[in-house]
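There are 4 protein chains.
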Amino acid sequence: MIVAMQESASEEQIQDVIAELMRLGFEVHRSTGVQHTVLGAVGARVDFDIREIEVLAGVGHVHRISVPYKLVGRTFRPEGTKIGFRNGLIIGGTAVVVMAGPCSVESRQQLFGSAEVVAKAGARVLRGGAFKPRSSPYAFQGMGEDGLKLMCEAGEKYGLLVISEVMEISQIELMDPYVDIYQVGARNMQNFNLLRELGKARKPVLLKRGISATIEEWLLSAEYIVSGGNYDVILCERGMRTFETYTRNTMDISAIPVCKSLSHLPVAGDPSHGTGRRDKVAPMARAAVAAGADSIIVEVHCTPDKALSDGAQSLYPHQFAELMDQLRMIAPAVGRAIA
Amino acid sequence: MIVAMQESASEEQIQDVIAELMRLGFEVHRSTGVQHTVLGAVGARVDFDIREIEVLAGVGHVHRISVPYKLVGRTFRPEGTKIGFRNGLIIGGTAVVVMAGPCSVESRQQLFGSAEVVAKAGARVLRGGAFKPRSSPYAFQGMGEDGLKLMCEAGEKYGLLVISEVMEISQIELMDPYVDIYQVGARNMQNFNLLRELGKARKPVLLKRGISATIEEWLLSAEYIVSGGNYDVILCERGMRTFETYTRNTMDISAIPVCKSLSHLPVAGDPSHGTGRRDKVAPMARAAVAAGADSIIVEVHCTPDKALSDGAQSLYPHQFAELMDQLRMIAPAVGRAIA
Amino acid sequence: MIVAMQESASEEQIQDVIAELMRLGFEVHRSTGVQHTVLGAVGARVDFDIREIEVLAGVGHVHRISVPYKLVGRTFRPEGTKIGFRNGLIIGGTAVVVMAGPCSVESRQQLFGSAEVVAKAGARVLRGGAFKPRSSPYAFQGMGEDGLKLMCEAGEKYGLLVISEVMEISQIELMDPYVDIYQVGARNMQNFNLLRELGKARKPVLLKRGISATIEEWLLSAEYIVSGGNYDVILCERGMRTFETYTRNTMDISAIPVCKSLSHLPVAGDPSHGTGRRDKVAPMARAAVAAGADSIIVEVHCTPDKALSDGAQSLYPHQFAELMDQLRMIAPAVGRAIA
Amino acid sequence: MIVAMQESASEEQIQDVIAELMRLGFEVHRSTGVQHTVLGAVGARVDFDIREIEVLAGVGHVHRISVPYKLVGRTFRPEGTKIGFRNGLIIGGTAVVVMAGPCSVESRQQLFGSAEVVAKAGARVLRGGAFKPRSSPYAFQGMGEDGLKLMCEAGEKYGLLVISEVMEISQIELMDPYVDIYQVGARNMQNFNLLRELGKARKPVLLKRGISATIEEWLLSAEYIVSGGNYDVILCERGMRTFETYTRNTMDISAIPVCKSLSHLPVAGDPSHGTGRRDKVAPMARAAVAAGADSIIVEVHCTPDKALSDGAQSLYPHQFAELMDQLRMIAPAVGRAIA
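Chains as they are written, first to last, in this note's numbering: chain A, 158 to 496; chain B, 158 to 496; chain C, 158 to 496; chain D, 158 to 496.
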């Protein structure tokens, strides 16, 4: 931590800050310049709140030197994390993995219809929500465990792995027999109790970025899972809240290359939630792959007009097939292929 | 719902949209103008996703006519909600109620010291967190039920009601014997399962605005609680995430008069989280009262330098006393007094 | 315009709103429902400020039905605008046009060195700033007309068209002999006096999006130019201001397909200002083309380490050449080629 | 400047960074820790772009130690700036100065009517726009110099100073005989050429914050004026662009106390543009004064329903009089009075 004193700071104020830093367990180096005195404080706890120092009299600015995450930083594993699955699929390797399926599991017919469509077009992972707490108390709330069973069965039949969203600690164990990847939604990105439990799980976690989370906060949430012992975390960009209202969210494509630099974890993009509009999903899926995403996760419904949730952002089967063809052309430009 | 077709929309597209609206249960009125055809659709379910119509061919814009909340709207109870407590205190009446206390309950000495200070200066409700899931797994995690017991005891001793944050459904029952008001934090504003259970609780709920929640989303979350039968909800502004980084958040003072117009619920302001800096708490507390807040909730610690969490935004006892004096001068300008 | 009255609106309030609308020249249609009265007002001037109605007593919501721009709307020219140049180059056609060059013209050697590099790699337009008003009064302020002469000469020599930024009305005429495209920077997007004069110019204008401008405001600014008679406007996304601070701005890649839907104008992307970091320029340039951009504009410097401005976001020559190879692979995925 | 190298940085990378810093004229201090090497670089030019260092290989973070503004910093003039006028009025002193008047000068009758109203209620400065470049080319564009003459005359008659917006360099001289304060609008906050010329003016400048400007950028713009020799700058908060759309902008009340800490310049608040809605102007004006503003500037129109611009945010005469009474009650709470 670097503490830059104000130009007008008195010697007494400087001494008080030094004393406080030492009381907090830091080793302090002082450097007195013409205009400023700058204090270097070594030995900070990762969770130290720098505002404790900022509010002391005479302090100008305080800067953390070390990043607040360790285990998910690129330095920790420079070669990058590759997550392997039972069927040989790898996320974080050369091939880009496409996950697709409906927003919610609604019925056997709907799920199997959608699974067949996405498998045929080249997806490798089936997505679908079983628990759907909605902003309205009257909306469809999901099929629960029955939905998970259908997911598992459809995955088997069409050779797809299964990803589904976990929303509460109690669901982790319940979901375990059915899913290959736990998905953590944007609203739960800072549900630290849930993250802690997922740190003990033995299955990969796809961690969506909160709509108003900075990249640093997102990596800190990933650190929470990894520090519990589960290193298989996939980061997933799905749109930020900005002043622009034409799209539901603003998908931050640049977060993909940024996370690839800062962290060794694989990075995915979700153009369905990232835009909220079917007609913008394909352009943003292509952009994500062109920007270096390791995976994309897309909502596809066999009959979007009849979807019980988020039909407006679900691709039609033929749109998804066309998108897959485009992605197969783009991937080689970044030295990759579609898995 | 109003559906404005594009200027270029064909008659066939218009007919398709009408058919879809009718299939969804709407009654449709058509108005054909020189440039546009506009469709009025009556009978929408409150949770209808307008994007379902927006993505249809030929559609220009879709506007919801009715607000998506009903029970919390000002129309529903034009005279405003007054929440009464066992000791006669009223929130939402003429008097402005000040809630104060430490961020977390840390020890008997710290809590009682802080309670004494705030009671003496004129606060009527004691705040303090018992559960503190923190962004770092190594930080202080709160005293749990022991903390609640201390809160209850300190409240008794100093004549203060008690408010504390509830984070999980399982805590509702646990907290019931100890608290007068349940606080829902910004991160849980859209934890709909928790909101639904609080709708069944028989105690008031202070609902903080999420840092990236629009006012409409916030009112929808309040609607969730109220629709469960619990009408005693207090809205609490505590800062939005914006591009400005000097303050931790940007406290949206204008949300106070806006909510007072849109809703009958009492509105509070939290200048401690709204700014994150001790030296900005008093100005923003004054601003909140001047703008019409029914209540403010402020972090005060008997010895902020030794606080285990958020010490940097906690007021010193003498600062709080001075603030109370200022608030007593400001309240009459808006026709009120401090409770 | 649709005016939805509040549920509680009195008949007198409704009559007052109707009278006001008629006074303003609207034709009014009334529709009285069970809950709401809704008024349709036809004949609005494009610049009508809907807040005039919003603040009337009893009014709930007011929605504009027609978009506030006409000439730049897709409906006006469904086939899209193609901008042709003296050397046969077309922007807005099948081929994607790459513009590249240094941030500022600094010297003959620097400019010609950079121009050679970008021409060789396949750029078709040379970019470079001659006027550089900087946030610090002590920084390099640009070469002015001498810089423009160098641009023109270098363009001739390497077969490149020339684009440069215009900042004041007085520069329009001065620049005319030297440039093929006028660039309007983000800070001038709402400099309406400048836009009006450019509406009279007989050369294309590349209009950058302001860092906090909505897409609608951006299109309105384009409308300003087009309404003056100059239809050759290129929209250019260059990053929004958001809460994320890791990148200088958040480049809104989704604005590219959105503008292609809403407007007939060509759309470009500027990944250099969009990210502010050299190492993120190539991923975002690829993303822009994958999302459907008609053009990209990239900062390239023969020796970025010695650049007098924005060297940190300028590509090295070999990086630009590599990027061009990647773009040539991506373009066919969207049915295009690099010009 | 502090350069924190990455944990994985090689000795060669460290040496390269040191060499580059020295080439740029810095004196470099090296501190090698267990995890990091940290370089302290002394002697930076105020306008140095730290990204030049950030993009070097092996660099982790770069922090500026000194603030980029000097002359407007609180340290430079700890007692605060008081701006005195010909009639003895002081802005930045104990008394809070209220500026009021219509958005635009529309006619003699309208201006004199409004001036009388605001003078009677206690305003000391008359506001009104003479130049009104509008987002639509068809809207009212202002009365120009004739409007300024009316302002001057009305100011004389009712004992008010005069403030009006300057939009182009050419207007500075034109306005000089008529106005007491130049107003720089939000869109021109970074029009550095204009700011530079105002630095040579001998009259105070009220500098509005851009809707997406950080506080630091705003202070840098003030520095531009002050560095030209004109120390009489008033900062004016008028609303930021955020994700919330209910209000036109989000007025950042906290910017008032923040600027009072960081700078010695007086700080004003503009609740009319800050909210865009008449019914929210009074609450936000009260909040601004309660938070410590030295001045507020409010739109008041003798007949708002007939205003040619921004009528929806203009107060009625009786609303303004009532607001003044409220402000007179609030000011003493912060140790002040209304001028």
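Bear in mind the hints are in silico, worked out from the structure with no lab data behind them.
Among these hints, one or two may not hold up.
As the list makes no split between identical chains, a pair holds if one copy fits it or if it spans any two.
[Said to hold, decoys possible] Calculated pairs, DSS-like style, for lysine-lysine (alpha carbon to alpha carbon, straight line, at most 30 Å):
#1 227 x 463
#2 227 x 277
#3 357 x 417
#4 463 x 417
Practice item. Sort out which numbered hints this structure fails and list those numbers smallest first. Key: 2
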